Structures are given as structure tokens and as C-alpha cells.
Amino acid sequence: MIIMFDFALTNVPEPRATLKEKWTTANIVTTDVTVDNLGVKGLKVGVGANFSPNTGAKKVLVRSGFKNDLMNLALDMDMDSAAWIVNSSLVSAYKGWLLGAQVNLDARARTLNKTNFALGYTNDDIILHTSVHNGTEFGGSVYQKVNKKLESGVQISWTNAVTKFGFGCVYKLDPETQLRAMINNSSLIGLGITHTLKPGATLKEKWTTANIVTTDVTVDNLGVKGLKVGVGANFSPNTGAKKVLVRSGFKNDLMNLALDMDMDSAAWIVNSSLVSAYKGWLLGAQVNLDARARTLNKTNFALGYTNDDIILHTSVHNGTEFGGSVYQKVNKKLESGVQISWTNAVTKFGFGCVYKLDPETQLRAMINNSSLIGLGITHTLKPGIKLHLSAHIDGKTLTQGGHKLGLGLDLEG
486 MIIMFDFALT NVPEPRATLK EKWTTANIVT TDVTVDNLGV KGLKVGVGAN
536 FSPNTGAKKV LVRSGFKNDL MNLALDMDMD SAAWIVNSSL VSAYKGWLLG
586 AQVNLDARAR TLNKTNFALG YTNDDIILHT SVHNGTEFGG SVYQKVNKKL
636 ESGVQISWTN AVTKFGFGCV YKLDPETQLR AMINNSSLIG LGITHTLKPG
686 ATLKEKWTTA NIVTTDVTVD NLGVKGLKVG VGANFSPNTG AKKVLVRSGF
736 KNDLMNLALD MDMDSAAWIV NSSLVSAYKG WLLGAQVNLD ARARTLNKTN
786 FALGYTNDDI ILHTSVHNGT EFGGSVYQKV NKKLESGVQI SWTNAVTKFG
836 FGCVYKLDPE TQLRAMINNS SLIGLGITHT LKPGIKLHLS AHIDGKTLTQ
886 GGHKLGLGLD LEG
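The sequence shown maps to residues 486 to 898 in the numbering used here.
A portion of the hints provided could be inaccurate.
When the alpha-carbon atoms are kept at most 35 Å apart in a straight line, the in silico DSBU-like pairs for lysine-lysine are as follows [unchecked claim]:
#: 1; residue 1: Lys814; residue 2: Lys871
#: 2; residue 1: Lys580; residue 2: Lys633
#: 3; residue 1: Lys529; residue 2: Lys544
Just so you know, the hints here were simulated from the structure itself, not pulled from any lab data.
Just so we're clear, the structure is a prediction, and the values are computed from it rather than from any experiment.
Start from the sequences, fold in the hints, and give me the full structure.
This is how it looks when you write it as C-alpha cells:
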């Protein structure tokens, strides 16, 4: 249960200022103030604060940003009793050139945690990229579309101790067949071929620089429209490890069914799911099991119904947690909802409703089985001006105080 009230002030056409306050059932008070277009179009400044009355913990977050067609600049500060973390970032683009930068530091401890910089250039035929990570790791890459059939790429990275280099290319033999090759400075070679067998069927083979051979076959609309079947296999010549993945799915206007099996030397994991809809009824199911060990890992089921006046939902999670909810639009003035969940040890229950006294006034109420009560009223003083009153009451400590009250004013122009 969350009780929220906010204050928004808007000048036509700009700037726009918003004040939001929340007091959650976890007893955390949050206040947030945001101003858009502060003096300059695209400049946004915000201040947020969290306070826990139970522990006395406080946290302040200051946010600022500037955005236009050329750049996106952000500067944030996250302050609590332990640290004052400042994070800044910049992304800029101009005529194909791209610049990115990020700096993270602890202003209180005067320590620099992170520095990242990147520069790139792109057009229809080439992509260039360079980067520096924390002043210790440098990297660069070049991708080039040599002609209509050949594409190539080079990537390099180095630190004080390690240098990595790789080259790869893709060559189109014909519209149905592509060849791929790659090599790195560790003498690992990857080879691959992709060939379209027929419309809807695809074969892909790869040999990666990690020395893993991958084969994948996928067929769409296999015998029946909407049926998709795929088989993939991975093999590592170095370790002898093998892995097979079988995928299948069927989709039409009434349902979406999936059945996958992931098999290796340790386990054969089967995962199945179903989502179905018919005339307002909704059904969902998920089952996960290890066929080799004959163990059931997960079972989830859900059933629901919806129309213009009512929404029903029930669920079962692993056969141990049951839940249900009902939302009803009783009439033009009254809406209500009930939610319940239970396990062998815990039962949770909540009820809430909204009642329209008149076109300008709404009453809200909610209660749960932990005796937490929420009350609220919203009244439209005149078009564009709304008054909010709210209360958060702990029914177990009615005579001990500690309850919360909220007041908000919403102004829109």
C-alpha cells in the first residue's frame, strides 16, 4: 500500500515545477522536487530526499540534466551518511561524430571511482570507435562495408599487461549464403556459414574465437502456420563439452505455446509455457522440470477474466502460494477491489475502494490484515486546481500516535 500526494505548478508554456511526496507502508518518507526548462529550454533540475523515521537514515539525491539536438548532459549527486557519490555523463553527436564521457567520484572521500571516455564516427560504409576505461584500458574498432558482398572489422584493446586483437569478415557468396571468418592474437580461429535452405528454414554454423562450434537449424511454419521448431548444438573441442537446445513454439490468435529443452551432461531442463485468451478469459501456465533427474523445479498457473465492469485474477505458484484479486466497477460512482494471498505460514488480505461523491470529489479508502489503513480525498476546487488530503493509520497503535497525514495541491495550466 502506498499513499502518495503531489503538488504540481505549471506556467504556460514553461517552465514546469513538480513536488511529490510519498509515505510508504515500509515507513519511508520520500520528497521529490523537479523543475523542467529552468531558465533554459532543456535544462532539468531535481532534488529528492528519503527519510526513515524508524532508523533515522537520511538520503539526498540531486539531479540535473541538459538536453538538446547536439548533446545529453547529466550530473547527479547521491548523498547519505556514508558517501557523497557524484556521477556525470555526456553524450554528444554532430555530423556522424559521437562523443561519450562518464565520471564517477566520491566527493566526501575525494576518490575518483570511474572515468570512461569514447569517441566514434559513423557513415553508410564505416564505423570507427575508440575508448578509454579508467585510464588503464584502451580500445578501438573499425568496421567497413568494403562493397556489396564483403564486410570486415578489426578490434583491439590493451592494458599494461594484456593486448587483445581480432579480425573478422563476412562474405556473401549469393543471396542465400554467407561465409564468416574471424581470428585473434591468441591464434583462435572462427569459421561459419549461413545458408537459407528454403523460405522459413535457416541453417547457421559458427566457430568462435573461444573455440566453440555452434550449429543452429530453425524452421518456421513447419506443416502448420505458426509452428516454429529449432535445434541448436554447441561443442567445445578443447573440453569435449556438449550442449543441445531444442526449441518449439506455436502461435495464433488464441494462444502462444512454447516448449524448450536444454540438454547437457549435468541436466536436461524442460521449460514450457502457455498463454491463451478467449472472449475475456485469460489463461497462463509455466512448468519447468529436469527430465534427467525427474524433478519438478517450477509450476505457475494463472486464470483471469475481464470485461468493462470486472477483473478477476487467480494464481498458484509452485503449489504453495495461492493468490486472487477482484476489481469491480459497482456503478458510476463506486469502484472496489479485493486482493488476497496465502501460503502455509502467511495470509495477506487487502481491500480498497474509490467513491465519487460528486464530479469534483473522490474518496479513497484501503485496509489490509496488518491493520494498516489508508484514507484520502481529492477535490477539484476549479478546473486545473485539485486539493489532496490523505492519512496513513496503523490500526494496531491507534492510541500511541505515529500516524501520518498528507496535504497536496495540484495546479495545472
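Against the structure, the hints come out as follows:
no.	hint	result
1	Lys814 - Lys871	holds (24 Å)
2	Lys580 - Lys633	holds (24 Å)
3	Lys529 - Lys544	holds (20 Å)
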